[in-house]
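Visitor: Listed below, chain by chain, are the residues.
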Amino acid sequence: MLFNSFHFLIFFIVVTSLYFSIPYNKRWFLLLASSCYFYMAFVPIYILILGFTIIIDYFAGIYIENAKGKRRKLLLIFSLIANIGVLAVFKYYNFINHNFSFLLHGFGLSNPIPYLSILLPIGLSFHTFQAMSYTIEVYRGHQKAERHFGIYSLYVMFYPQLVAGPIERPQNLLHQFREKFDFDYDRVTSGLRLMAWGLFKKVVIADRLAIAVDTVYNNPQQHNSLSLVIATIFFAFQIFCDFSGYSDMAIGAARIMGFKLMANFNKPYQSKSIDEFWKRWHISLSSWFKDYLYISLGGNRVTIPRWYLNLFIVFLISGLWHGANWTFVIWGALHGFYLIFAQLTKNFREKVNKIFFLDRVSFLPVLVTFSLVAFAWIFFRANDVYSAIYIIGHIFTGIPDLFHKLLSHQPVIEYLGLSAVDMTLSVLLIVILETVHYIQSKKNISVLFLRKPVYIRWAVYCGLVLGILFFGVFENRQFIYFQF
Amino acid sequence: MITRFIKKVLLLISLILIILSVFTWTYYHQVAKVKFGKNINIMVCGDSHTESAVNDEILQHSINISHSSEPYFYTYNVIKTLINNNPRINTIIMGYSFHSLSGSYDVAIFKEEFTKTMYPDYLPILDARSISTLVSKNIYGISRSIPNVLKNMFYSILNKPSNVASYPFIGHYYKSRNSNINDSTINKAIMRHYYKKDSAECEFSAIQEEYLKQIIQFCNNRNIKLILLSTPVSKGYYDKIPIKFVNNYYLKASEFKQQANLLDLHDLKLSKECYGDGDHINEYGAKILTTKLDSLLIRPLNDLH
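Same order as they appear, the protein sequences are chains A and B. For the first sequence, position 60 matches number 60 in the working numbering, and the numbering has no gaps at all. For the second sequence, position 237 matches number 237 in the working numbering, and the numbering has no gaps at all.
Bound-form chain A, shown alone (with noise of 0.2 Å):
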């Protein structure tokens, strides 16, 4: 069931109208019954592995929680274990087969090992690493084991979070499930809000971004230069506006409800560098990573070769998690240099920004990091390796073809599957987006919005409807971000 779509809406009134009108100890249970539907209106089939990694994990944070010494790790090795081992299976059993019979091919032999035939469950990793978090805290004591099976099951499938995050902790999200959370106005007034904001971010920029990238990315050899960087620069808007959108409309969704669910996104395009980057984009995974893998790698407190090669194993699983494919490895494996090339000239770069007062360009450090996340974002998108080295080669490589078509007056902007309102529209919706960016980060927004008079704040969702109505791309298209 997707956020953007008509059985969602039908599903949330319902849901949310129950959740009201029942009593606070019933909660839990219309919760999830709701997100057991939910999921299964994906695969229904595959509530089993979801099942599986549950009572594994309920079982496991027990037994590590009243184990002591050496059984309390191999607990949670066992756990970590199967978790992981159901990733391996769904998500990258056949990656890594593909890549075996490549490696066997290359010395003249054949794979004996059968493919699987498997669709990835949706949202695999997001409540894999949701549930791998509450193993892990239940074993370093941060958090009590939760003997409500119910109430445990409800912490992994909640269905706002269920399929693409925030990646919840359970210091977090569990007891919120045990707290009475009354119908409070303005929670759910905001709420309505940002669920509101969240679908126009998906329906009205990010599908209308998708069509143009979708034409470009799927036959790059048939574009010129300049459309190979309009649509770079336009995935970088569609899957912030598709995987944000859809954070908003979760986060939204449990407000309404009177949960807290972490911020996921943080105007991550105003970063001014990579680090800031990843501390703005997808904020409950890469503190994930960081709490989970890169602190138990030994953080920046070890050698500085260590740190280094700490940050890029970091990356490079990061890249993985997104996929099984060798474009999102290299996707990672691309953030994790940036780092450590800034590190490695941090010193130099200082000097040579003081010289040539670069340091005063407050909009440079900007640019250069969006120029960077969209240079990365080409492997993300491509289909495969080789068109992402294809359209990198032919972005710079077409620029003297494109001089030559402007100056002999022949046209060079092509089209892009979009009319040419629309992609007037999709700049205007981009230039949009980053002013309410500007302004959220001078001042609060919501505050600014709610001294408005009644009449503005009327005929702004009136018109927020209505553009989602008149100017959305209403093709069902998933999020991007349920693959993973």
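The set of hints was computed from the structure by calculation and includes no laboratory data. A few of these clues could be false.
As the list claims (entries may be wrong) - List time: in silico DSS-like cross-link candidates among lysine-lysine, alpha-carbon distance up to 25 Å:
#, chain 1, residue 1, chain 2, residue 2
1, A, Lys452, B, Lys225
2, B, Lys111, A, Lys452
3, A, Lys267, A, Lys452
What the hints assert, rightly or not - Here are the computed distance ranges between Cβ atoms for each label pair:
#, chain 1, residue 1, chain 2, residue 2, range
4, A, Ile313, B, Arg4, 50 to 58 Å
5, B, Ile6, A, Lys68, 49 to 57 Å
6, A, Ile389, B, Lys188, 49 to 57 Å
7, B, Ala32, A, Leu9, 27 to 35 Å
8, A, Phe29, B, Asn187, 51 to 59 Å
9, B, Tyr195, A, Glu475, 22 to 30 Å
10, B, Asn187, A, Ala263, 38 to 46 Å
11, A, Leu407, B, Lys188, 43 to 51 Å
12, B, Ser254, A, Ile413, 55 to 63 Å
No residue lacks a Cβ here, since even glycine has one placed at the ideal position from N, Cα and C.
Could you slot chain B onto chain A? The hints should help.
Guide: Leaving out everything else, chain B in the frame of chain A:
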């Protein structure tokens, strides 16, 4: 507190509904004014067969509004909408071919792969009976297409189309010089027209026949000449049509003989280059067919055969 919230939500919904009603009213007002040129008295409608076969630049005083994959269910509503605004239309040429009464058209009316694009184009002009047919059989599809219906209306209002073909329910002559007639395109068309996904032969479509009858009835009531045009199909395609559809084609044509004239040009001698694929003619074929049509139409209809 909940009451206050519900009141405000209802107020917001009412406000939005009022705005949408204004848009809808403006749209209908605009559609009610859709008029063809003053010299137009022949309207060509149907699916991709007539869409690619009749060049309205050649056929005098005509306009081709055919739309790819359009079942009679929609054609009936398009005719009804447009004839009301264009009383000068005295002849309708409508596609009628071997696949026209095939159950494959039911898919275009009720199944999601078609409805998600077709409902937004046609829903605003459907009459109450057609809407109730859809509501009873595919309420989910209708509800899903509402945003796109509204969007189409909104864009139509903004564009104020001077060209009638700008309305999504009005098609136009499709000009193509491509020639891709081979076993693969023929087989694809045969499978699409006469077979289900499980490769079983399609049934006849009751709804197609019902709406064909309604179109005939409507034209008779309005004293409009209705010509059922069977456009050329390649021999390769014809030979693969299941025999029951060929028989039914002639059977129904003879049933409607008194009220509609069948202009059967399915076996018009055309070279291979005149076909776009197995069952569509291209620009070259359209030129030959339309020239023939133009010369035939100036003769009394009784002399057609």
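Visitor: Please go over all the hints and tell whether each is borne out by the structure.
Guide: So, going through the hints one by one against the coordinates:
1. A:Lys452 x B:Lys225: Between lysine 452 of chain A and lysine 225 of chain B the Cα gap is close to 63 Å, so the pair fails against 25 Å, i.e. violated.
2. B:Lys111 x A:Lys452: violated (47 Å)
3. A:Lys267 x A:Lys452: holds (24 Å)
4. A:Ile313 x B:Arg4: 50 to 58 Å: holds (54 Å)
5. B:Ile6 x A:Lys68: 49 to 57 Å: holds (55 Å)
6. A:Ile389 x B:Lys188: 49 to 57 Å: Given about 35 Å between the Cβ atoms, the range is violated.
7. B:Ala32 x A:Leu9: 27 to 35 Å: holds (32 Å)
8. A:Phe29 x B:Asn187: 51 to 59 Å: holds (54 Å)
9. B:Tyr195 x A:Glu475: 22 to 30 Å: holds (28 Å)
10. B:Asn187 x A:Ala263: 38 to 46 Å: Check failed, 55 Å falls outside 38 to 46 Å.
11. A:Leu407 x B:Lys188: 43 to 51 Å: At 45 Å between Cβs, range holds.
12. B:Ser254 x A:Ile413: 55 to 63 Å: With a Cβ separation near 57 Å, serine 254 of chain B and isoleucine 413 of chain A satisfy 55 to 63 Å, so the hint holds.
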